[in-house]
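For chain A, the structure is supplied; the task is to place chain B on it using the hints.
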Amino acid sequence: MAFLTIPNVKIIGVSAAVPKQKKQVNKLECFAEGEAEKTIELTGVRESRLAPEGWVSSDYCMEAAEHLIEKLGWEKDSIDALIYISVSRDYIEPNTATVIQGKMNLPTTCYTIDVPMACSGYCYGLSVVGSLLSHGYMKRALMLVGDTPSKIMSPLDKTLWPIHGDAGTATALEYDPQANPMYFNLMSDGKQMNAIIAHASGVREPITNEDLNMVKYDEGIIRNRTHVTMDGMGVFAFTMSQVPKSIGVLIENFKIDVNNIDFLLLHQANHYIDEKIRKKLKFPEEKTPYCLETFGNTSSATIPMTMVTKIREQLKNGSNKILMSGFGAGLSWAAVYIETNSIEVLPLIEI
Amino acid sequence: MDINEFLNHFTNLFDDTDASTLTPETNFRDLDEWSSLLALSTMSMIDEEYDVQLSAEQMRKANTINELYILTQAKI
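Just so you know, the protein sequences line up as chains A and B, in that order. Whatever position you read off the first sequence (first residue = 1), add 1 for my numbering. Whatever position you read off the second sequence (first residue = 1), add 3 for my numbering.
Next comes chain A alone, as it looks inside the complex (with noise of 0.2 Å):
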C-alpha cells in the first residue's frame, strides 16, 4: 500500500497558461452526421484549446512559471527545484525539466527531473515535490504541469481527439514546518500498460516509415502507430472498479473527515465518467468544480486548470480542504488530500 504523510510542504500559488485557439467539437470532421452533438452530451466538452505550431506543452507551463513566480515575488536564484510532469516531452534526450531550466534562467545549482505521468501526474507529482521538500533543505521548488494532447494524438481519432486539449500549469510550493501535512495514496497497474499507449513512441517500438502510415481502424477512428491509442471500454472498467475505492481507501486510512471536505478535484476525464465517481462517492455536486466543458481532458494539468478557472476566488481567500483524484495511463491512479491556506492563484493566462 502506497499511504503516504508529507510533512512540513505547502502549495503558495498556482497559475495555468492555454492556447488562444479554441477547438470545437460540433465542427470537427472525424464525427458523421450527430455524432458530435451526442459526444458533447455525454462527455461534457464543448471545445478545447489547441496549440499552434512549434508551440508545446513546456511553452504553456513556463508561460505560466514565469507569471507566478513574479506575482509571488521569487528571486531566480531562491528556487531549489523544478520538475516537469508530463508525457509531452520536448526530447528524447535531454529530459524536459533541465531545457526548461535553462531557458527560465534558474540557477545552475537548480534540481531538475521529469516525471512522464499523463492524468495521475499532479497527484503523482505534488508526493515527488512534496518529498523532496519535505527535509528542510530545499526551500522552493515549482512544480510544472502540463500536456499538449493534439501533438500526440491522431486529428481523426474520434475516440480521442474530440475530448482532449492543451495546457500547462505551474504549482509554487515551499518548505513550511507549520504546514499541514499531504495525505497520499499512490495505485499502479502495469499489466493493463496497452490501455492506453503510443505504440511506436520509444525505443521499444522505434519509428519506422509504417508506422507513420494512416489506418482507418473504423469509421471515423484513423491513426497511426506514434499516436496514442485508448481501449474506452478497458478504462471506463478500471475507473469505476478502482477510482472511487482509491478514494475511500485514502479518507478511511488517514481518518479525514468527508464533511469537512471544501472540494473534490477529480482528473477531468470526461463528465460522464467523472459524475460515475461522485456519485459513487455520494460526494455534493457544489463542491465537485468540472471545467471540461471549455478546456476538455488536458490529462495531468486538469486539476490545476480546475482551481485556477473554478475555484480561484475560495483558494485566495482562506483556507480550503481539498481531495484530489488522479487516473489513467500506466495504468496509474492516485488520491491526495491536502488543505490550503490562502494560495496565490493567477487568472487565466492565454497566449
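Take the hints with a grain of salt, since some may be wrong.
What the hints assert, rightly or not - For lysine-lysine, the following DSSO-like pairs were computed, each having C-alpha atoms within a straight-line distance of at most 30 Å:
| hint | chain 1 | residue 1 | chain 2 | residue 2 |
| --- | --- | --- | --- | --- |
| 1 | B | Lys78 | A | Lys288 |
| 2 | A | Lys311 | A | Lys28 |
| 3 | B | Lys78 | A | Lys322 |
| 4 | A | Lys283 | B | Lys78 |
| 5 | A | Lys21 | A | Lys283 |
Unchecked claim - Derived CB-CB ranges, DEER-like:
| hint | chain 1 | residue 1 | chain 2 | residue 2 | range |
| --- | --- | --- | --- | --- | --- |
| 6 | B | Lys64 | A | Asn260 | 35 to 45 Å |
| 7 | B | Glu51 | A | Asp78 | 49 to 59 Å |
| 8 | A | Gln25 | B | Glu70 | 32 to 42 Å |
| 9 | B | Glu51 | A | Pro285 | 14 to 24 Å |
| 10 | B | Glu52 | A | Gln243 | 13 to 23 Å |
| 11 | B | Lys78 | A | His200 | 28 to 38 Å |
| 12 | A | Pro95 | B | Asp54 | 24 to 34 Å |
| 13 | B | Glu52 | A | Glu206 | 37 to 47 Å |
Bear in mind the hints are in silico, worked out from the structure with no lab data behind them. Nothing here was measured: the structure is a model prediction, and the numbers come from that model. Ideal Cβ positions, reconstructed from N, Cα and C, are used throughout, including at glycine.
Relative to the frame of chain A, chain B by itself:
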C-alpha cells in the same frame, strides 16, 4: 435479483428499441441501437444496481442478456 428485474434495467438503457422485443436470449449485439456507449452504460447499470464490476473482457465476450445476468449473479 431475478432475470426479469435485470432485463428491465437493461431495456431502460435503450431509447429507440421496443422493450417488448427483448428477451433474456436476445443477442444484444444484433440490435440496431447497440453501440460501444451502450456497453459502457450496461457496465455502469450493473455497477449501480448490483454493485458488481464486470471487466471489459467479460463485457466483450457476452452476447445475450442472460449471459450478463449469470456473470453478474456470480459476482454478487
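Just tell me: holds or violated, for the beta carbon distance of Lys78(B) and His200(A) against 28 to 38 Å?
-> Holds, at about 33 Å.
Within 30 Å, alpha carbon to alpha carbon, are Lys283(A) and Lys78(B)?
-> Between Lys283(A) and Lys78(B) the Cα gap is close to 23 Å, so the pair holds against 30 Å.
Satisfaction of the hinted span 32 to 42 Å by the C-beta atoms belonging to Gln25(A) and Glu70(B) = 41 Å Cβ-Cβ, so the 32 to 42 Å window holds.
Status of the given 35 to 45 Å range, CB of Asn260(A) versus CB of Lys64(B) = 42 Å, holds
Take a quick look at whether Lys311(A) and Lys28(A) sit within 30 Å of each other, Cα to Cα.
-> Between Lys311(A) and Lys28(A) the Cα gap is close to 26 Å, so the pair holds against 30 Å.
Below or equal to 30 Å on CA atoms is what counts here, so check Lys21(A) against Lys283(A).
-> 36 Å, violated
Below or equal to 30 Å on CA atoms is what counts here, so check Lys78(B) against Lys288(A).
-> The hint is violated at about 33 Å.
Between Glu51(B) and Asp78(A), is the Cβ distance one that fits in 49 to 59 Å?
-> Once the Cβ atoms are compared, 55 Å apart, the range 49 to 59 Å for Asp78(A) and Glu51(B) holds.
Is 13 to 23 Å right for how far apart the beta carbons of Glu52(B) and Gln243(A) are?
-> With Cβ atoms ~20 Å apart, the hint holds.
Hint check for Asp54(B) and Pro95(A) - Cβ pair distance inside 24 to 34 Å | Hint violated: Cβ distance 49 Å, outside 24 to 34 Å.
Go ahead and decide if the range 37 to 47 Å is satisfied by the Cβ distance of Glu52(B) to Glu206(A).
-> 42 Å, holds
Could you check the hint for me, namely that Glu51(B) and Pro285(A) are 14 to 24 Å apart, CB to CB?
-> This hint holds: roughly 18 Å between Cβ atoms.
Hints 1, 3, 5 and 12 from the list above are not met by this structure, while the remaining hints are.
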